[in-house]
Every structure is written in C-alpha cells, then in structure tokens.
Amino acid sequence: MKSSLLGEQAQECLTGLKNAVTDILQALPGKLEQPRDVYKTLGIDRMIGWNIFKLHELDDCFLSVRHIPRKAAFKGFLRAASRQGVVDSLLSAAEKNFNLFEDLVELHAGDRPSMEMMLLAYSDEGSSQASLDHRKLAFTGNRFLYGLETRTRLTISLFEPTDSPTDWKLTLLKGSFGLRRNRPDIPWFYVRPRVFTEFEGQPHSPVSKPLVKPENGNKLPYYTPFCNCSLPSITSSGRFVESVEEIFPLETGNAGLMDLVFAEIIDLDGFVMDEDSSTSAKVITPCHLAVMDIIVPSSFAGNSEFSPRVVSSILEESDAYNEQLIDLSRSILPIEPGFEIKPTIEQNTLDGVENYGEIVEDLFKRRDLNPLNYTTIRSFVHFPVIPSNLDITWKPNTKN
Numbered sequence: 000m001k002s003s004l005l006g007e008q009a010q011e012c013l014t015g016l017k018n019a020v021t022d023i024l025q026a027l028p029g030k031l032e033q034p035r036d037v038y039k040t041l042g043i044d045r046m047i048g049w050n051i052f053k054l055h056e057l058d059d060c061f062l063s064v065r066h067i068p069r070k071a072a073f074k075g076f077l078r079a080a081s082r083q084g085v086v087d088s089l090l091s092a093a094e095k096n097f098n099l100f101e102d103l104v105e106l107h108a109g110d111r112p113s114m115e116m117m118l119l120a121y122s123d124e125g126s127s128q129a130s131l132d133h134r135k136l137a138f139t140g141n142r143f144l145y146g147l148e149t150r151t152r153l154t155i156s157l158f159e160p161t162d163s164p165t166d167w168k169l170t171l172l173k174g175s176f177g178l179r180r181n182r183p184d185i186p187w188f189y190v191r192p193r194v195f196t197e198f199e200g201q202p203h204s205p206v207s208k209p210l211v212k213p214e215n216g217n218k219l220p221y222y223t224p225f226c227n228c229s230l231p232s233i234t235s236s237g238r239f240v241e242s243v244e245e246i247f248p249l250e251t252g253n254a255g256l257m258d259l260v261f262a263e264i265i266d267l268d269g270f271v272m273d274e275d276s277s278t279s280a281k282v283i284t285p286c287h288l289a290v291m292d293i294i295v296p297s298s299f300a301g302n303s304e305f306s307p308r309v310v311s312s313i314l315e316e317s318d319a320y321n322e323q324l325i326d327l328s329r330s331i332l333p334i335e336p337g338f339e340i341k342p343t344i345e346q347n348t349l350d351g352v353e354n355y356g357e358i359v360e361d362l363f364k365r366r367d368l369n370p371l372n373y374t375t376i377r378s379f380v381h382f383p384v385i386p387s388n389l390d391i392t393w394k395p396n397t398k399n
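Counted the way numbering that gives the first Met the number 0 counts, the sequence shown spans residues 0 to 399.
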C-alpha cells in the first residue's frame, strides 16, 4: 500500500467497517449468498442492499469505499437488521465504525466524492477505473471549453529505410475522424511535426512535402482522398503552429461531422533507428480515442523493445531528452495505454475509422512499399487528458 497518513487511517477504518457489516450479515437468518438475499431478508431498497453486500464481499477495502451507503441509508440498514434480531453489540460496532469513516471524510476530504477519488488511488483496480471515469468527466467539460471534439484521433508514422543507415524517410499521417464543432466559430490548429535530438536543446521543423499534391492553393498537407469536407486554409502562422480560423462546414454537432486528414513526407537526416529513440503524438483535441501507429520494417521491429507511455504536457521543449523529467511528468497521469504489435497486413482495423485499411493500403502504394515487410506497433488510450503526449520509446533488444 502507498504510505501516507490518510492511507493508514483509511485502511484501518474501512477494514473495521467491512468486518462490522460482515458480522451483521452473518447474524441474519438464512444464507446471504448474493445481493438480493440481503435486500429481501431485510426489506430494504435494492441499491442499498446491493451496496451493503458489495461492502461485505470486496477484499480491497479501498475499492469498497464506493459502496458505503449515506448516513440515513446506513441507519436504515441497522434498524432493519435490529428487526431481524441482530444483537445490539453488533449494531453498535457497525455504527461506531461508520461514524469513524464519516469523521475521516470530514478530516481529509470534506465530502464523499472527494474521499472516493482520493482513496481509489490506493487501489490498483480502483485507480484504473477512477482514471477512466475522471478522464470521461474531463472530456465532457473540455468538449465545451475547447468547442471541438473528435471520435478518433489517429497518428501514423511510417518509417522507410533508405540506402544510408543514417537517413530515413518518414511518412506522417495525422487525422481527426468524426471531428465536430460543439460551439460555432471555434478556431482550430494544425501543429507541424517537430524533431528532437539529444544533441540539440530545441526542436526543429524538418524539411517535408505533402504526400498528395496540394489543390486550390492549399498550404496545408491535406490527405485529400480521406477528407470529407471543404478544406480550411491558414490564417496565421507561428513557429510550429498553423492557425486554421474556420472549420467547414459551419454546422455544429453531428450535422457537421468531418474527417480531416493530413499526410506529409519528412526527410530524417542523421537519424539512426536502432538507437534509443521515441516518437510521440500530441493530443490537443478532446477525443473518445487517441491512437498512434508506428509502422517499421519487420526486421527492425524484431530486434527492438518498444514501450508505450502517456506523458503530461508540463515539460519545456528543451526537456525532451531528460528521462528523469519525462518519467516524472509521466507519473502525473494515472494512465496505462493499450499496446499491441502486429504484422501490418493484419493490423487493418481501427474503431472510429471505417476506412483505416484503405488508408494504410494507399500509404504503401504511394510510397511504393510492400506491407508484407512491415510491422505495426500500436499504442492507444480512451478519453486521453488534453493536452498530453501519446509516446512510444524503443531500444535495441539485448536478448537477441
């Protein structure tokens, strides 16, 4: 258990309350093997009976905090148990432990929801579920505050070797699928790719060209075969960010759903793939699912170890290669991203992107590459915190 005064006091208090409730249930007539046995025997509300049974059943005391009834409901449970003949000593012990829990809430949190949030962090299972629940809450708020949301945010990085071991081609795709406005006249931003090296304190924008020849004077690298809306143009520029003032169509909500996809080819000069490296995708739009696919030659994938992570965006750009700071910022977000490695020809579907297989097929066709020779490393997270970075690191596999 993580060590703290709250953790120690809560473990003692919650264990005492759980044991007191268990003693009462065991003193009731008949066998209580499932929640309905509790509320039928006592004649109490179904939800209260269910929570009482879960409080008794769970081994993880910190996870049980979600199932402690409110004061009036718990007193109703005690009165119902008394009517069934449970002795006063057991009822008094349960009431005493319940009051100790209420005192703990007042001391450390002030309210039940805050206490639940704090104590679930002490439970591995509870922390994971709490992380997802609160990311969903953050998504609900951010979809209004940012004025935008997207179903799936996809980044594909296709690494293509050249004749030189220190020069690679990178085809970078960034797509928002099911993008919509939640408020009218909301600006949107295109973030240009950046390259970091351990020898430079600041990132730089690499030389790149659009995968698809631009049309109608567009300055952004739209992947037009997979865009389904009128394409906005640049209204202002910064060092790494191009501001897109208008998103078309003008409708908000599902009436104006869009797929906006970008793809460009980047020259990676002086880049050695089989050294310790990483690539990341910044998440700046509230989304249901963020996915990053790295597609590499299978020979390289077989000789490397890959690790996914989600890193909070509190670092300065000059901290990009400070592993201690990266680990610290990573630990702030209680998120374990999903991770899988498959041959590229088998990794042909993605939730929220119906034409994912067609996109990958088109990428390989335009680059004149054989997907049979490539492997896809996928990292993903549902309802990611924004802004944050979905990141994959790799290093040579020392076991080979």
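In case anyone wonders, no lab produced these hints; they're calculated from the structure. Take the hints with a grain of salt, since some may be wrong.
[To be verified] Straight-line Cα separation of at most 30 Å, DSSO-like style, residue types lysine-lysine; simulated pairs:
#, residue 1, residue 2
1, K135, K168
2, K135, K53
3, K39, K208
4, K135, K208
5, K168, K212
6, K341, K364
7, K39, K53
8, K135, K364
9, K281, K135
10, K218, K135
11, K74, K95
12, K95, K281
13, K394, K208
14, K53, K74
15, K168, K208
16, K30, K168
17, K53, K30
18, K218, K341
To see whether the hints hold, each was checked on the structure:
no.: 1; hint: K135 / K168; result: violated (37 Å)
no.: 2; hint: K135 / K53; result: holds (24 Å)
no.: 3; hint: K39 / K208; result: violated (70 Å)
no.: 4; hint: K135 / K208; result: violated (37 Å)
no.: 5; hint: K168 / K212; result: holds (18 Å)
no.: 6; hint: K341 / K364; result: holds (20 Å)
no.: 7; hint: K39 / K53; result: holds (15 Å)
no.: 8; hint: K135 / K364; result: violated (38 Å)
no.: 9; hint: K281 / K135; result: holds (18 Å)
no.: 10; hint: K218 / K135; result: violated (35 Å)
no.: 11; hint: K74 / K95; result: holds (11 Å)
no.: 12; hint: K95 / K281; result: violated (50 Å)
no.: 13; hint: K394 / K208; result: holds (29 Å)
no.: 14; hint: K53 / K74; result: holds (17 Å)
no.: 15; hint: K168 / K208; result: holds (11 Å)
no.: 16; hint: K30 / K168; result: violated (68 Å)
no.: 17; hint: K53 / K30; result: holds (16 Å)
no.: 18; hint: K218 / K341; result: violated (35 Å)
The structure does not agree with the numbered hints 1, 3, 4, 8, 10, 12, 16 and 18 stated previously, though it agrees with the rest.
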